[in-house]
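Asker: One letter stands for each residue in the lines below.
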Amino acid sequence: MKIVVCAKRVPDSAAKIRPAADGQSIDTQGVENVISPYDEIALEAAVQLKEAGVASQVTVLCLGPKESTKELRKAMAMGADDAVLVLEDRPFRDPTATAEALAAALEGLSPDVVFCGWKAIDDDSSAVAGLLAARLDYAYASFVVKVEGADGGLRVSREVEGCEEIVHVPTPCVLTAQRGLAEPRFASLKGIMQAKRKPLAEQAPAAAENASELVALTPPPARPAGRIVGEGAAAVPELVRILRDDVGVL
Amino acid sequence: MSGNVLVYLETEGEGLRKPAFEGLGAGAALAAALGVELHAVIAAPNASAVAAATRPLGVTVVHVIEHADLATSLAGAHCRAVKTAAAAAGASWMLFPATILGRDLLATVAGAMGAGVAADATAIDVADGGDVQITRPVYAGKALQVLVARRSPFCIGLRPNAFPAMAAGEPGRTETHDLPAAGDAPAARVEEVKAPETREVDLTEAEIIVAGGRGLKAAEHYELVEKLAAALGGVVGASRAVVDAGWRPHSEQVGQTGKTVSPRLYVACGISGAIQHLAGMSSSKCIVAVNKDPEAPIFKVADYGIVGDVFEVLPALIEAVEAAKSA
Ligand SMILES: Cc1cc2nc3c(=O)[nH]c(=O)nc-3n(C[C@H](O)[C@H](O)[C@H](O)COP(=O)(O)OP(=O)(O)OC[C@H]3O[C@@H](n4cnc5c(N)ncnc54)[C@H](O)[C@@H]3O)c2cc1C
Ligand SMILES: Nc1ncnc2c1ncn2[C@@H]1O[C@H](COP(=O)(O)O)[C@@H](O)[C@H]1O
Numbered sequence: 000m001k002i003v004v005c006a007k008r009v010p011d012s013a014a015k016i017r018p019a020a021d022g023q024s025i026d027t028q029g030v031e032n033v034i035s036p037y038d039e040i041a042l043e044a045a046v047q048l049k050e051a052g053v054a055s056q057v058t059v060l061c062l063g064p065k066e067s068t069k070e071l072r073k074a075m076a077m078g079a080d081d082a083v084l085v086l087e088d089r090p091f092r093d094p095t096a097t098a099e100a101l102a103a104a105l106e107g108l109s110p111d112v113v114f115c116g117w118k119a120i121d122d123d124s125s126a127v128a129g130l131l132a133a134r135l136d137y138a139y140a141s142f143v144v145k146v147e148g149a150d151g152g153l154r155v156s157r158e159v160e161g162c163e164e165i166v167h168v169p170t171p172c173v174l175t176a177q178r179g180l181a182e183p184r185f186a187s188l189k190g191i192m193q194a195k196r197k198p199l200a201e202q203a204p205a206a207a208e209n210a211s212e213l214v215a216l217t218p219p220p221a222r223p224a225g226r227i228v229g230e231g232a233a234a235v236p237e238l239v240r241i242l243r244d245d246v247g248v249l
Numbered sequence: 000m001s002g003n004v005l006v007y008l009e010t011e012g013e014g015l016r017k018p019a020f021e022g023l024g025a026g027a028a029l030a031a032a033l034g035v036e037l038h039a040v041i042a043a044p045n046a047s048a049v050a051a052a053t054r055p056l057g058v059t060v061v062h063v064i065e066h067a068d069l070a071t072s073l074a075g076a077h078c079r080a081v082k083t084a085a086a087a088a089g090a091s092w093m094l095f096p097a098t099i100l101g102r103d104l105l106a107t108v109a110g111a112m113g114a115g116v117a118a119d120a121t122a123i124d125v126a127d128g129g130d131v132q133i134t135r136p137v138y139a140g141k142a143l144q145v146l147v148a149r150r151s152p153f154c155i156g157l158r159p160n161a162f163p164a165m166a167a168g169e170p171g172r173t174e175t176h177d178l179p180a181a182g183d184a185p186a187a188r189v190e191e192v193k194a195p196e197t198r199e200v201d202l203t204e205a206e207i208i209v210a211g212g213r214g215l216k217a218a219e220h221y222e223l224v225e226k227l228a229a230a231l232g233g234v235v236g237a238s239r240a241v242v243d244a245g246w247r248p249h250s251e252q253v254g255q256t257g258k259t260v261s262p263r264l265y266v267a268c269g270i271s272g273a274i275q276h277l278a279g280m281s282s283s284k285c286i287v288a289v290n291k292d293p294e295a296p297i298f299k300v301a302d303y304g305i306v307g308d309v310f311e312v313l314p315a316l317i318e319a320v321e322a323a324k325s326a
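Protein chains in written order, with numbering that gives the first Met the number 0: chain V, 0 to 249; chain X, 0 to 326.
Derived by calculation from the structure, the hints in this document are not laboratory data. These figures come from a predicted structure and were not determined experimentally. Any given hint could turn out to be false.
[To be verified] These stretches of chain X come out as covered by chain V in the derived footprint (C-beta under 8 Å, 3 or more residues): (1) 128-142; (2) 183-190.
[As the list claims (entries may be wrong)] In silico PhoX-like links for lysine-lysine, alpha-carbon gap of 25 Å or less: (3) X:Lys299 to X:Lys258; (4) V:Lys49 to V:Lys197; (5) X:Lys258 to V:Lys145; (6) V:Lys65 to V:Lys197; (7) X:Lys193 to V:Lys15; (8) V:Lys49 to V:Lys69; (9) X:Lys258 to V:Lys15; (10) X:Lys258 to X:Lys193; (11) V:Lys145 to X:Lys193; (12) X:Lys216 to X:Lys291; (13) V:Lys49 to V:Lys145; (14) V:Lys15 to V:Lys69; (15) V:Lys65 to V:Lys145; (16) V:Lys197 to V:Lys1; (17) X:Lys299 to V:Lys15.
Each residue gets a CB set at the ideal place from its N, CA and C atoms; glycine is no exception.
Okay, chain V solo, but in the shape it has when bound (with noise of 0.2 Å):
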C-alpha cells in the first residue's frame, strides 16, 4: 500500500500576523515556518502503517515555494520515505487550484491513500481533501481519529459530532487527519542525517485557475478595550448585574 501525505507549509501557530502591501499576502518577516500541525499528525499515522507493516511506501507531497524544501526534509526525517514538491509562486491560490494541481500530482503518483489534515492552519478552509476525492473519484472519510489495515482498505474511526463512527474505507481513497490519530514524533538525530539522502522531485504545478479572487486581506475588528469588574468574589455581583442588564444571558 502506498501512502501520499499532502503537507503544506504553513506559518506556525504563534506567529504574528500582518498582512502585506500587496493585499494578496502577509509579512513573512520574523515568521517561522512549520508543517500544518493536522499534516504532521497524518504522517504520522502513515508512519506507523508502514512500520506495521499495512503501508509500503510513505511520500510526501507539498504544493508550495522552493523554501518548502526544509519542511519536506523534516517530514523525511520523521520517516517519510521520498518528498515531492510542486513548486508554486503565486501569492493567493485557493482552495479550488490548490485541489487542481495536486490533484495532477497525485495521479502521477498513483497512490492507494492519500492523507491530508483536516485543514491547513493557514486558510483555515478544509476543502481541499474534499476536493481531491471528489476530482479524483477516490472514497473519502475525514477527521479520522484511528486508522488501521484492513481487507481492501483500511479501518477508520471518525469522530463525529460526539460519536465515534468506525468505517471501512477501500483503496484508494482520501483521509483527513484530526487530533487524537497520532503524536508527532521529533526527527532522531539519525533520521536527519538520512533524510539528507532522500529523494526530492520537484516538478512545476499543472495550469489550474482560481475560482476566487482575493480582494482584500485585513487584520480583524480590533475589539473594543475591555473593562476589569472588580477583584475577587467582591466583583460577583457587579458581574451577575452586567450579565442580566448589559448582555441579557440571564
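Let chain V serve as the given structure and place chain X with the ligands on it in line with the hints.
Answerer: Chain X with the ligands alone, transformed into the frame defined by chain V:
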C-alpha cells in the same frame, strides 16, 4: 444573470439543526440581493417528515430527498442528493453549514460539480456591480480574507453563530426527488457507530460556553466549570493544556487546533489566553475572564474581567447566577 440560491438543511432527529436556520437567513439575504429564488434541500432517511414538521421555511421550493443511505454522516450519498437538488433548483449558489458533514459536503459537492469554494464565511455581501463578496477569517482569525466568487456554481460554507437565523416565512412548494445510485468507484461504508448516551450541544453551536484552563489545578475541580455552565444554560469548553493533561476530551478543546466558537457569551476560567486559544474564541460576542494574574493576556480580549482566584470567584458566581435565574 445568476441562478438560484440553494441552502443545505442539516437534520437532527425529527427536525433541523440550528445552523440550518442560519443558512436560510444568509440564503434569503443573498437571494434578495441577487433577485433570485431561495431553494432548500433536506436529505435524510426521514426527510419528508422533517420537511412537514418544519415548514414554513420562507423558501420557494424545498427539495426533499428521502433514502435509507442518508442515515450516515459520510458525505457520499448526501453529495449525490445535493447535486440532484442543485440541478432541480437551477442553483448557482449553494450554502452549507461549517459542521462536520457540512464541511465535507461543501468540498465534495464543489469537487463533483466543478464549483468554486469559500469555506467558513462570516459575511456575504453583494457589491454594486453584482459581485458576491465573501468574508472569512484566516490564520485562525488573525486576519480576514475578502473573496469575490469568480465561478458558477459556487459553494459557500457558513460559520455557525455568524449569520442571523431566519424567522419563519412563506410556505414554499415541496418537490421530492429520488436519490441517484452511487457510481462504480468503491465507497467508504459505516460498520458501527458508538454513540454516547447523552449528546451534548455541539460547542460551535452553543450560545454560552464556560471554559476552564490549567488554573483549575486538577480534573476534579472542573466541577466548578460544569456547575457554572449548567447555571448559565451553557456548555463546557477547555484549553489545550487541560485536554493534554487528560482532564477533558479533545472534543471540548477551543482554539487553533480545537474548535472555533463564536457564542454570545464565553467565560474563560483560569485560562491564560495564549494566542492559539484566542484564535478559537476571540470572535465571541461577549468574553468574560476570571484569572488571578492581572497581566494575563486573556484580559486583552475580555469585555469584562475579574482578577481573582477561581476557587473563590466561581463558587460565588455560581450561587449568584442561580439566584438571579430563580428570581
Ligand atoms: C501548534 C499549537 C497549537 C495549539 N492549539 C491550542 C488550542 O487549540 N487551544 C488552546 O487552548 N491552546 C492551544 N495551544 C497551547 C497554548 O499555547 C497554551 O499552552 C494553552 O492554551 C495554555 O492553556 P491554559 O491557559 O489553560 O494554561 P496556562 O497558560 O498555564 O494558564 C493558566 C492560567 O491560569 C491562571 N491561574 C492559575 N491559578 C489560578 C487560580 N487559582 N485562579 C485563577 N486563575 C489562575 C494563571 O494566571 C494562568 O493565566 C497550542 C499550542 C501549539 C504550539
Ligand atoms: N499547498 C498544499 N500542499 C500540500 N497539501 C495541501 C496544500 N494545501 C492543502 N493541502 C492539504 O489539504 C488539507 C486541507 O487544507 P485546506 O483545505 O487548505 O484547509 C491540508 O491539511 C493538507 O493536507
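Asker: Could you run down the list of hints and mark each one as holding or not?
Answerer: Hints, one by one, checked against the model:
1. 128-142: holds (count 10)
2. 183-190: As far as the segment 183-190 of chain X goes, the hint holds, because 7 residues have Cβ atoms under 8 Å from chain V.
3. X:Lys299 to X:Lys258: holds, 21 Å
4. V:Lys49 to V:Lys197: Holds: Lys49 of chain V and Lys197 of chain V sit about 16 Å apart, inside 25 Å.
5. X:Lys258 to V:Lys145: holds, 19 Å
6. V:Lys65 to V:Lys197: It holds: about 17 Å lies between the C-alpha atoms, which stays within 25 Å.
7. X:Lys193 to V:Lys15: violated, 40 Å
8. V:Lys49 to V:Lys69: Roughly 23 Å between the alpha carbons, so the hint for Lys49 of chain V and Lys69 of chain V holds.
9. X:Lys258 to V:Lys15: holds, 20 Å
10. X:Lys258 to X:Lys193: holds, 22 Å
11. V:Lys145 to X:Lys193: The given pair, whose Cα atoms are some 14 Å apart, holds under the 25 Å limit.
12. X:Lys216 to X:Lys291: holds, 13 Å
13. V:Lys49 to V:Lys145: Given pair Lys49 of chain V, Lys145 of chain V holds - Cα atoms ~15 Å apart, limit 25 Å.
14. V:Lys15 to V:Lys69: Satisfied, since the Cα-Cα distance of roughly 21 Å is no more than 25 Å.
15. V:Lys65 to V:Lys145: violated, 33 Å
16. V:Lys197 to V:Lys1: holds, 17 Å
17. X:Lys299 to V:Lys15: Given that 25 Å is the threshold and the Cα spacing comes to 16 Å, the pair holds.
The structure fails to meet hints 7, 15 from the earlier list, while all remaining hints are met.
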